[in-house]
Amino acid sequence: MSNVAIKPRRKSSGGKMYNRGAWKYAIPAFIPLVLLSVVPLVQAIWTAFTDQVAGYNVEIKFIGLDNFRRLLTDTMFWASFRIGIIWAVSVTLLALVLGFGLALLLNQKLRFLGLMRVLSLVPWAMPPVIVAIMWSLLLRPSSGPIDQIFSTLRLPGAGTDWLGNFNTAFPTVILIGAWVAMPIITVSILAAIQGIPSEMIEASIIDGANAWQRFRYITVPAVRAITSALVALNIIWQFSSFGLVFVLTAGGPGGKTFVPALFAYNEAFKYGNFGYAASMGVVMALAIVLMLGVYLKASKREDVQR
Amino acid sequence: MSTNAVKQVKKKRKLYLIPTYFLVICYVIFLGFPFLWMFTTSFKSPYELLQLNQSLFPEGFYMQNYVDILEKRGLINAAKNSLVIAVCTTVLTTIFAVPAGYAIARLRKVFSGAATAWILISQVFPVSLIIIPLFMAVRRVGLLDSIWGLVLVYLVAALPFALWMLKGYVSAIPMDLEEAGAMDGASSFQILRHIVFPLLVPGIVATALFTFLNSWNEFFFALVLIQSPESETLPLTLARFMGSEGQVLLGPLAAGAFLATIPSLVVFGIMQKKLASGLLAGAVKG
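Residue numbers (the numbering used here), protein chains in the order written: chain A, 1 to 306; chain B, 1001 to 1286.
Mixed in with the good hints, there may be bad ones.
Under the rule of at most 25 angstroms between Cα atoms (straight-line distance), these lysine to any residue pairs were calculated in the SDA-like manner [claimed, not checked]:
{"no.": "1", "chain 1": "A", "residue 1": "K270", "chain 2": "B", "residue 2": "S1228"}
{"no.": "2", "chain 1": "A", "residue 1": "K300", "chain 2": "B", "residue 2": "A1117"}
{"no.": "3", "chain 1": "A", "residue 1": "K24", "chain 2": "B", "residue 2": "S1112"}
{"no.": "4", "chain 1": "A", "residue 1": "K61", "chain 2": "B", "residue 2": "F1135"}
Source of the hints: derived by calculation from the structure; they are not laboratory data.
Could you put together the complete structure from these sequences and hints?
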């Protein structure tokens, strides 16, 4: 009797819904989001169309698309834009591979698991300021411990100023970026792997699935959703982050690590051009939306194909 | 027979142990060495730190580094501020995000798509540009240079990711359970409280852990929104110390860095078991 009333009416529209009162739960979270996230966002976009500069009581004029026209011919910005994309994608992929591997190891029955679990969180537990300083001290040429290991073992590359060398600075910073980004990926993927019912794995073993097949047909589908979320978010975070690069190399040597967020930051807080810097932010945001759109479409298509 | 097959696979696994442990060692070094080096450096005397070819382990335990950083640099007050901020942010974010994350995961495609897009957009815009309007907004409500202003900003900064993460965990919970609940006449809140929530605990723990560590470590917002030393957070104090004399006073800096890392390690130690419990296993059958 009552079953009829509860039966979901929206089944035809594709989504199943058994808890129709759920929308109310979203309200408390969205009020602070609107006030302190959406409103400043709109203000910042508005700034991109003005000539606002730093300082009090400066008259602000609406100048339309002037900032964007100037930006189009700013070759330094586009060089930095390219570095930003390489940085975001490399850090994300490297951290994903390393983090996935670590999550798989942490899911095994091994010795030193407790130690590994704690260690896997260390990069995340450390304040980024400290991480950056720590690595720059570790990588100091000659007196830093890493260079001492290199020269003791007579490895190629001994004596290199890893963060100051034209060829090594960017790869080194990417590796450190992946070191920092790994823990979130490891924890999330591990949580998803541990959500797989053990009966499912045992059943597959009885059916004769080998380790690769178990990985391919049980583990990968189980972590697919959280992995695409992690990839999307990491690309966003990395593309608009500059803290690590700021402390490690300050964009150098010779602009090799000059990510666009740092470029915009300098424009705003070093030179005080708020309006022009805001237009860079808008362009970066558009680029991220574009990248995400392509990515989400691709991962959705993959879901459909399965 | 069936247990035989399982045993066989377990036997086979022994062959993989050598490369597996090789990988384990690589990870341990990669993840642990920088921290270990920082830790041992915190016990080295200024004289030892000037030597070339130091060993990894200190010659003795030079505790003066710790005394130095705790006594002179206002570190204890900064640590207290950081702790209050991180705990409040985590509690508030969890209270707001769990129901909202559930709603986003379970609502109609149109609505949940719009919410997801909104969450993403708020993440997309570079923080260094939102900071100017945000600064004005916090000043308007009179919370500038206050740790409560920072809690508010961190809550807003943490919510999008918390919602996104929880949405993923909710989607992994089989809908059959909720259907069964609805059939039995459970109300909307009862479904959330008694069916979804228990299964969501590992996801909530992961989300809370994420929020705590992010607020504990955050630097940029604090740098802009906090001005007086009494309201400073730990990263601010350490950065100030580092900027002024850190390159010279490596020992105290390492000691401070180590101390700043402890609370996060403790939090993870507490939460580790819950993370591992994998509540979802067998829930549909049981």
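These are the hints, each one checked on the structure:
Restraint check for A/K270 and B/S1228: the C-alpha separation of about 22 angstroms stays at or below 25 angstroms, so the hint holds. A hinted pair counts as satisfied when its Cα atoms are at most 25 angstroms apart, and A/K300 with B/A1117 qualifies at roughly 15 angstroms. The suggested pairing of A/K24 with B/S1112 holds, with an alpha-carbon distance near 13 angstroms, which does not exceed 25 angstroms. Distance hint between A/K61 and B/F1135 is fulfilled; the C-alpha atoms sit about 21 angstroms from each other, no more than 25 angstroms.
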